[in-house]
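Chains as they are written, first to last, in the working numbering: chain A, 3 to 146; chain B, 3 to 146.
If you are wondering where the hints come from, they were derived from the structure by calculation, not from laboratory data. One thing to keep in mind: the hints can contain errors.
SDA-like cross-link-like pairs, simulated, lysine to any residue; straight-line CA separation at most 20 Å [unchecked claim]:
id	chain 1	residue 1	chain 2	residue 2
1	B	Lys126	A	Gly79
2	B	Lys100	A	Ile25
3	B	Lys100	A	Thr49
4	A	Lys77	B	Gly130
5	A	Lys126	B	Lys100
6	A	Lys19	A	Thr49
7	B	Lys77	B	Asp91
8	B	Lys126	A	Ala26
9	A	Lys19	B	Pro125
10	A	Lys126	B	Pro125
Residues from chain A that keep clear of chain B, each with C-beta distances beyond 10 Å, as calculated [claimed, not checked]:
id	residue
11	Lys43
12	Gln102
13	Met105
14	Ile120
Keep in mind it's a predicted model, so treat the numbers as computed, not measured. Cβ coordinates follow ideal geometry from the N, Cα and C atoms, glycine included.
Protein chains: 2
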Amino acid sequence: MMLPNVPGLDHVAIAVKDLEKAIAFYQDTYGLALAEIEEVKEQQVRTAIFGHGMGRIELICPTASDTGVARFLEKRGEGLHHICIEVDDIHASLARLKAQGAMLIDETPKMGAGGAQIAFVHPKGSHGVLTELRQGPSKIQASP
Amino acid sequence: MMLPNVPGLDHVAIAVKDLEKAIAFYQDTYGLALAEIEEVKEQQVRTAIFGHGMGRIELICPTASDTGVARFLEKRGEGLHHICIEVDDIHASLARLKAQGAMLIDETPKMGAGGAQIAFVHPKGSHGVLTELRQGPSKIQASP
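Here chain A stands alone, though its shape is the one from the complex:
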């Protein structure tokens, strides 16, 4: 059974160069529990997720050199990459951003993991933070 999410931080993503090395660091040094490792082929990244539910930590590592995450690492090195915010109504949030003239990466939501709708907002549209908006499937199904 999937619990409905409240609006808030779904996860924070950290770009890393060597996924296995970073996983070992977060496990051994900080004592975090690894929940899953996954390859997201559409985004050409491998991810490692620590924790369950809201507020997870996600390590992301590119599997190809011509991707956004690979360019981020080349330019800035390892570090905080984006946050993902669970929202109640992703269409309403995108409409509000458009009304503000915010720079969007995705004008309309696309399908993300687990049947969620997701859309990325450019840092210039969201106080310097690359932001993934997410509306979980429970909320989508609950819509009229």
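Please build the complex by placing chain B on the supplied structure of chain A, with the hints as guidance.
Showing chain B alone in chain A's frame:
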């Protein structure tokens, strides 16, 4: 009553130039609920916290120009500033970091908000991420 925290993401902090403007953005555009606004005098910042428990979003805004957050904003603009990880044993985590030769900002824990012990790890010691380690008071009291 304070619930004991599990190891994981306590909060992610975003440096902003205008706290009120950023609060309005996160409230109005993403529908997040503001939990509290606080002035942390020791760190010369004002903070706004969204959410409760683990995985909160914290906006931080400097109240003086000669602080780390003010320099971050001047150099890089608004954006993701640090993460705070709740750990089981902050002394053990710091000892492991030292053994790795990691660069620490705080060699020993200091007192943080709500009676927690906190210590900052330099991005160079933690995969490019300025990291605040936190051991909540419930865990400190539970130690032998």
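Hint check results:
no.: 1; hint: B:Lys126 / A:Gly79; in the structure: holds (10 Å)
no.: 2; hint: B:Lys100 / A:Ile25; in the structure: holds (18 Å)
no.: 3; hint: B:Lys100 / A:Thr49; in the structure: violated (27 Å)
no.: 4; hint: A:Lys77 / B:Gly130; in the structure: holds (13 Å)
no.: 5; hint: A:Lys126 / B:Lys100; in the structure: violated (37 Å)
no.: 6; hint: A:Lys19 / A:Thr49; in the structure: holds (11 Å)
no.: 7; hint: B:Lys77 / B:Asp91; in the structure: violated (34 Å)
no.: 8; hint: B:Lys126 / A:Ala26; in the structure: holds (16 Å)
no.: 9; hint: A:Lys19 / B:Pro125; in the structure: holds (14 Å)
no.: 10; hint: A:Lys126 / B:Pro125; in the structure: violated (24 Å)
no.: 11; hint: Lys43; in the structure: holds (24 Å)
no.: 12; hint: Gln102; in the structure: violated (7 Å)
no.: 13; hint: Met105; in the structure: holds (13 Å)
no.: 14; hint: Ile120; in the structure: holds (14 Å)
Checked against the numbered hints given earlier, the structure breaks hints 3, 5, 7, 10, 12 and satisfies all the rest.
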